[in-house]
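Peer 1: Here's the letter readout for the chains.
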Amino acid sequence: MALSDQELKEIAYLARISVKEESLPSLKKELEDILDLFKQLDEANTSEVNAMSHPLDLSQPTRKDEVTEEDLRDELLKNAPSVKSGLFLVPKVIDGEN
Amino acid sequence: MKNYSEDWEAVIGLEIHVQLSTKSKLFSGASTDFGALPNTQACNIDLAMPGVLPVLNEEVLKMAVKLGKALNAEINSPTSFARKNYFYPDSPKGYQISQMDKPIVENGYLDIETENGGKRIGVTRAHLEEDAGKSLHDDFEGQSGIDLNRAGTPLLEIVSEPEINTPEEAVAYLKSIHSIIRYLEISDGNMAEGSMRCDANVSVRKIGEEKLGTRTETKNVNSFRFVEKAIQYEIERQIHEIESGNKITQETRLYDSQANTTRPMRSKEFANDYRYFPEPDLLPVNLEKEFIEEVLATMPEMPTEKKERFVSEFSLSQYDADLLAADKDIAEFFEQVTKVSNSPKLSANWIMGELSAELNNENLNIKESKVSSNKLGQLISRIEDGTISGKIAKDIFEKIWTTGKEVDDIIKEEGLEQVTDDKEIESMIDEVIKNNPQQLEQYRSGKDRLFGFFVGQVMKASQGKANPKQVNDILKSKLEK
Numbered sequence: 001m002a003l004s005d006q007e008l009k010e011i012a013y014l015a016r017i018s019v020k021e022e023s024l025p026s027l028k029k030e031l032e033d034i035l036d037l038f039k040q041l042d043e044a045n046t047s048e049v050n051a052m053s054h055p056l057d058l059s060q061p062t063r064k065d066e067v068t069e070e071d072l073r074d075e076l077l078k079n080a081p082s083v084k085s086g087l088f089l090v091p092k093v094i095d096g097e098n
Numbered sequence: 001m002k003n004y005s006e007d008w009e010a011v012i013g014l015e016i017h018v019q020l021s022t023k024s025k026l027f028s029g030a031s032t033d034f035g036a037l038p039n040t041q042a043c044n045i046d047l048a049m050p051g052v053l054p055v056l057n058e059e060v061l062k063m064a065v066k067l068g069k070a071l072n073a074e075i076n077s078p079t080s081f082a083r084k085n086y087f088y089p090d091s092p093k094g095y096q097i098s099q100m101d102k103p104i105v106e107n108g109y110l111d112i113e114t115e116n117g118g119k120r121i122g123v124t125r126a127h128l129e130e131d132a133g134k135s136l137h138d139d140f141e142g143q144s145g146i147d148l149n150r151a152g153t154p155l156l157e158i159v160s161e162p163e164i165n166t167p168e169e170a171v172a173y174l175k176s177i178h179s180i181i182r183y184l185e186i187s188d189g190n191m192a193e194g195s196m197r198c199d200a201n202v203s204v205r206k207i208g209e210e211k212l213g214t215r216t217e218t219k220n221v222n223s224f225r226f227v228e229k230a231i232q233y234e235i236e237r238q239i240h241e242i243e244s245g246n247k248i249t250q251e252t253r254l255y256d257s258q259a260n261t262t263r264p265m266r267s268k269e270f271a272n273d274y275r276y277f278p279e280p281d282l283l284p285v286n287l288e289k290e291f292i293e294e295v296l297a298t299m300p301e302m303p304t305e306k307k308e309r310f311v312s313e314f315s316l317s318q319y320d321a322d323l324l325a326a327d328k329d330i331a332e333f334f335e336q337v338t339k340v341s342n343s344p345k346l347s348a349n350w351i352m353g354e355l356s357a358e359l360n361n362e363n364l365n366i367k368e369s370k371v372s373s374n375k376l377g378q379l380i381s382r383i384e385d386g387t388i389s390g391k392i393a394k395d396i397f398e399k400i401w402t403t404g405k406e407v408d409d410i411i412k413e414e415g416l417e418q419v420t421d422d423k424e425i426e427s428m429i430d431e432v433i434k435n436n437p438q439q440l441e442q443y444r445s446g447k448d449r450l451f452g453f454f455v456g457q458v459m460k461a462s463q464g465k466a467n468p469k470q471v472n473d474i475l476k477s478k479l480e481k
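Top to bottom, those sequences are chains A and B. Residue 1 is where the first sequence starts when you use the numbering used here, and the numbers rise one by one after that. Residue 1 is where the second sequence starts when you use the numbering used here, and the numbers rise one by one after that.
Next comes chain B alone, as it looks inside the complex (with noise of 0.2 Å):
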């Protein structure tokens, strides 16, 4: 993976901006809904219009806490807003109000895994703010068109202490914010439509350096893919730069995921100053004991938890038991599958296995699955009691997919039954011996390979139906004779 020395060593930290998926705004009742027309959902405090004062949204505050104990962070009470100034179209007031001395939540920390092995990643912050507008740089007669719908869309920007160390960490991360955002239902967590976004502070140093080389931030990369590559090119491009002689700028740089290239953006006559300041029109925010309490008593189990117990109520392996539980409604549908296959091991194969591979041919989610947990289920039982082979479970699964057919009428209708009749065995095995003399003389001769040959022919003979551990012991007692 690494293609630049051993004597270097990458200093990460990300910031994470998330959109809380609240039905109103931070702090005003206009709608969030995405993609209506522009400034259908921009109301007069999204606007600034003067007068108009800002309402907190109390469903961000319990948001924020459920995020800060997913975190095992601390919750700030009193939490307070800040005014950070700048001036750009797509924000109308002049000004964000973000949050600056006194975020809502501080101090956490989140493990992650990674090929080698577990790492703890503190979590400096994470506060709320609101979002900008969009400006739309078409052609409009050489201006710019301004949509305003998303201003005051509630975020949440988690800031990571620069503890990671290599794209594969930085994405593993960035995973694990994306799965516990998702557990939470704080998010829907949509990289690719914005929900999620990941700016990147990279610097280089010399392994051995205490002092941390200049960094620059890379920012709004919108997959999880083109986080590891944009590090991943400006860890190799700070090395070659200084390597060369050249000196780090610090400065703001864009990816382009089609050269995959960072480019930095126009830099600014003056470095940016925020002069951020308290914000006088919102009081200081107590967050009650009970408040808390209320809200943490309505936490999910976690994907941690999940897995835990994927591992021990139903002996899962720790790879597939994090592979299940890393998406609720992956771990959900498993759940529901297992409840009716009563075989969990089975369960999670044909979920991992057949089941994904038909969703990513036809990029579908989970949810859209066009054979429902309840049918796969009912699938996986039928191989469990022997009515069916696995491989015939294969056919009857795309059947289901393309028919939306029950399980039980399509074995009916087609006979697939598995033949588990010794003597209707004994008899298409006696069929595939006669017709084979050659192979047999061989077999008997001491090649043994030719065992499988035989196991092959009466598969086929059965159309696959026969009993794979009744053709092998039958087989085996008809061939030594």
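Excised from the complex, chain A in its bound form (with noise of 0.2 Å):
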């Protein structure tokens, strides 16, 4: 399956991964081969087998609606490279989507 150079960018970036214009042909053609194993796929057929989200045959446990965390914020903004005013601290964005 062919990939072109605008695809395999868009790949890329939205997994936040900086590729060198230069290793662009070799990561092209390993992109490539993934995707011709995952075709073999298609050659199966389907059509009696019914979608599976999981591998295991069990049902989610659940949990009673409960508050069982306490407040561990000193600790866990300990983590972080820049807190302010109990805040986690990152670079500018604006414009966001939920």
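To be clear, the hints were calculated from the coordinates, so they are not data collected in a lab. Positions of the beta carbon are idealized from the N, C-alpha and C atoms, including for glycine. Hints should not be assumed to be uniformly reliable.
Calculated from the model, a selection of chain B residues having no Cβ within reach of chain A, i.e. all distances over 12 Å [stated by the list, open to error]:
no., residue
1, Asp-33
2, Lys-62
3, Phe-87
4, Glu-106
5, Glu-236
6, His-240
7, Glu-279
8, Glu-293
9, Gln-336
10, Asn-342
11, Ser-343
12, Lys-345
13, Val-419
14, Pro-437
15, Asp-473
16, Lys-476
25 Å max Cα-Cα, derived DSS-like pairs, lysine-lysine [as the list claims (entries may be wrong)]:
no., chain 1, residue 1, chain 2, residue 2
17, A, Lys-39, B, Lys-84
18, B, Lys-23, A, Lys-64
19, B, Lys-93, A, Lys-92
20, A, Lys-92, B, Lys-219
21, B, Lys-219, A, Lys-84
22, B, Lys-175, B, Lys-119
23, B, Lys-119, A, Lys-64
24, B, Lys-93, A, Lys-64
25, A, Lys-64, B, Lys-102
26, A, Lys-9, B, Lys-206
27, A, Lys-78, B, Lys-134
28, B, Lys-102, B, Lys-84
29, A, Lys-84, B, Lys-134
30, B, Lys-134, A, Lys-92
31, B, Lys-84, A, Lys-92
32, A, Lys-78, B, Lys-175
33, A, Lys-9, B, Lys-93
34, B, Lys-69, A, Lys-64
Quick one: dock chain against chain with the hints and give me the complex.
Peer 2: In structure tokens, the structure reads:
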């Protein structure tokens, strides 16, 4: 399956991987080989097979709706390179989406 | 209402995010209380520390099942979770746990009423997902501050079919969803605080055209009125663009309520690609038949059922019943008042008249009313049994509102009992007639309209306490003499 340079750059951007221009050809080849492997799956007849979202044939256990976590803010904030007034500080972001 | 030509129609779909009122988060035992200090309710799981795993809150399943039932929808079992991948600092994992292929609720509908009659709007799906944290863009030396207290709070996203055609229908649909989630007590539905958020997908096309136009998504509009205005603006903007020979760009827009416009959000270099895939950290959830039955057994009476009961049990008009039943707290207050007053119609009038005027005045909700349902019921029963007139009752209502006193105490202390003694009324009437000889002459010479003048004078003389019906009857017989 052939990938364009543009598609390759988009994939790298979405994964936040910085890719040097000179490594594009080899990366493209590797990714195309992977996609070809997946393509083999198309040959299998799956008309009788149900979609599976998890390999374990179990149901998700649940917990009661109770507050069990205490406030560990001061400990947890120690993991961050930059904090202020109880907030994690990050490079300026605007116009996000959620 | 419409400012654009009749050749166009709008196609609108709404995505409504409802914050579920659980005590703890969707996948962690951290508290969801509103207004805590930043990051004091964000635990290891919410922060996506290495090695943590999500554990599903059982309560959200119950809430979703109830909503599904209220939306006449199917409940999927098994229902499964998926990862929606995107990078943003208020989402520490780098993905949001959401649902894709098997949302918990699917294929429902909702009947709405507008001035143009009833309409059925399809509900495509409602799925569970976790909320993101908050980014604070105040100046932290050129950086943004991140508060993750909200991260992981459970949301239900309710997606409608694009079957809404006007801003009025959109608001009716939204209000109906709001009413349902409040009845089910699965969310407080507070739009100003963000516990209910609405995104509107809007496109326009020429009437008769089959193909849908290019749509835009207007995000995070935080009141019913703004939803109506934002959609109205967006419809007009799109029609104007197309009629001017321009193309609509598929994009996300933000509503600016001050300027009443929408503007595009910063466009992304590439189209969004969330690369959804099944969430490997969570198994599919089987909802056992007994579990669903247990949940459904706790379903309260819903707005439409309540409305119909108000009409049949209390002989209220459709209009009154609709207004009272739309809000759960108002409906309960009405039933309590009626229990005491034994007069549903008067109770309805007082709640929608005097009481809501006072509540609006002081910006209170009905649960904060300074006149309790019990006192309002007593007040109305005193009108019904003839102790006081309706006019005096309004004064007493004001007094209860400000002093909190008992109805009967105010009546006794201030001598406000209605005058129903024929003799007493007669003497007041005689006095009024004697003092107004000119008007009497004019009345007897055919000026019928002066009857009202005499009634007014008698009521004034009695300080509003004379029984109006008796005044009318006695006055008529005296004047005709």
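Peer 1: Could you run down the list of hints and mark each one as holding or not?
Peer 2: Hint check results:
1. Here Asp-33/B does not stay apart from chain A, with its beta-carbon only about 9 Å from theirs, under the 12 Å limit.
2. Distance check on Lys-62/B: its Cβ comes as close as 9 Å (rounded) to a Cβ of chain A, failing to clear the 12 Å threshold; non-interface status is violated.
3. Listed as a non-interface residue, Phe-87/B fails to keep its Cβ farther than 12 Å from every Cβ of chain A; the least gap is roughly 6 Å.
4. Consistency note on Glu-106/B: stated as away from chain A, and its beta-carbon is indeed over 12 Å from all of that chain's, at 15 Å minimum.
5. Interface exclusion of Glu-236/B from chain A stands, the closest Cβ pair being 24 Å apart, more than 12 Å.
6. With a least CB separation of 24 Å from chain A, His-240/B remains clear of the 12 Å interface cut-off, as annotated.
7. Its beta-carbon lying about 8 Å from the closest one in chain A, Glu-279/B breaks the requirement of being farther than 12 Å from that chain.
8. With 12 Å as the threshold on Cβ separation, the claim that Glu-293/B sits away from chain A holds: the shortest Cβ distance comes to roughly 17 Å.
9. For Gln-336/B, the requirement that its beta carbon stay farther than 12 Å from each beta carbon of chain A is met, with the minimum near 30 Å.
10. For Asn-342/B, the non-interface assignment is confirmed: its Cβ lies about 41 Å from the closest Cβ of chain A, beyond the 12 Å cut-off.
11. Under the 12 Å C-beta cut-off, the non-interface status given to Ser-343/B relative to chain A holds; the minimum distance is some 42 Å.
12. Look at Lys-345/B: its CB is around 42 Å from the nearest CB on chain A, clear of 12 Å, so calling it non-interface holds up.
13. With a minimum CB-CB distance of about 60 Å to chain A, Val-419/B clears the 12 Å threshold, and the non-interface call stands.
14. Every C-beta of chain A lies more than 12 Å from that of Pro-437/B, the closest at about 80 Å, which supports listing it as non-interface.
15. Against chain A, the non-interface label of Asp-473/B holds: every CB pair exceeds 12 Å, the least being about 65 Å.
16. Every CB of chain A is more than 12 Å from the CB of Lys-476/B (nearest about 68 Å), matching its label as outside the interface.
17. Between the alpha carbons of Lys-39/A and Lys-84/B the distance comes to roughly 24 Å, so the proposed pair stays at or under 25 Å and holds.
18. Pair hint Lys-23/B plus Lys-64/A holds up; C-alpha atoms about 10 Å apart against a cutoff of 25 Å.
19. About 19 Å separates the Cα atoms of Lys-93/B and Lys-92/A, which keeps this hinted pair within 25 Å; it holds.
20. Annotation: proposed proximity of Lys-92/A to Lys-219/B holds, straight-line Cα distance about 21 Å (limit 25 Å).
21. A threshold of 25 Å between alpha carbons decides the hint, and for Lys-219/B with Lys-84/A the separation of about 30 Å lies outside it, so the pair is violated.
22. With a C-alpha separation of about 14 Å, the suggested pair Lys-175/B and Lys-119/B falls inside the 25 Å cut-off, and the hint holds.
23. A C-alpha spacing of about 39 Å is found between Lys-119/B and Lys-64/A, which places the hinted pair above 25 Å, so the restraint is violated.
24. With a C-alpha separation of about 24 Å, the suggested pairing of Lys-93/B with Lys-64/A holds against the 25 Å cut-off.
25. Restraint check for Lys-64/A and Lys-102/B: satisfied, since their Cα atoms lie roughly 23 Å apart, inside the 25 Å limit.
26. Of the pairs offered as hints, the one joining Lys-9/A and Lys-206/B is violated, with about 39 Å between alpha carbons and a cut-off of 25 Å exceeded.
27. At roughly 20 Å between alpha-carbon atoms, Lys-78/A and Lys-134/B fall within 25 Å of each other, so this suggested pair holds.
28. The hinted pair formed by Lys-102/B and Lys-84/B meets the criterion: a straight-line CA distance of about 14 Å does not exceed 25 Å.
29. The straight-line distance between the Cα atoms of Lys-84/A and Lys-134/B is roughly 15 Å, inside the 25 Å bound, and the hint therefore holds.
30. For the suggested pair Lys-134/B and Lys-92/A, the alpha carbons sit about 13 Å apart, so the restraint of at most 25 Å is met.
31. Distance restraint check for Lys-84/B and Lys-92/A: the Cα-Cα separation of roughly 23 Å lies within the 25 Å cut-off, and the hinted pair is therefore satisfied.
32. About 45 Å separates the Cα atoms of Lys-78/A and Lys-175/B, which puts this hinted pair outside 25 Å; it is violated.
33. The hinted pair formed by Lys-9/A and Lys-93/B meets the criterion: a straight-line CA distance of about 23 Å does not exceed 25 Å.
34. Of the pairs offered as hints, the one joining Lys-69/B and Lys-64/A holds, with about 22 Å between alpha carbons and a cut-off of 25 Å not exceeded.
Figure legend: structure checked against the earlier numbered hints; hints not met, in rising order: 1, 2, 3, 7, 21, 23, 26 and 32.
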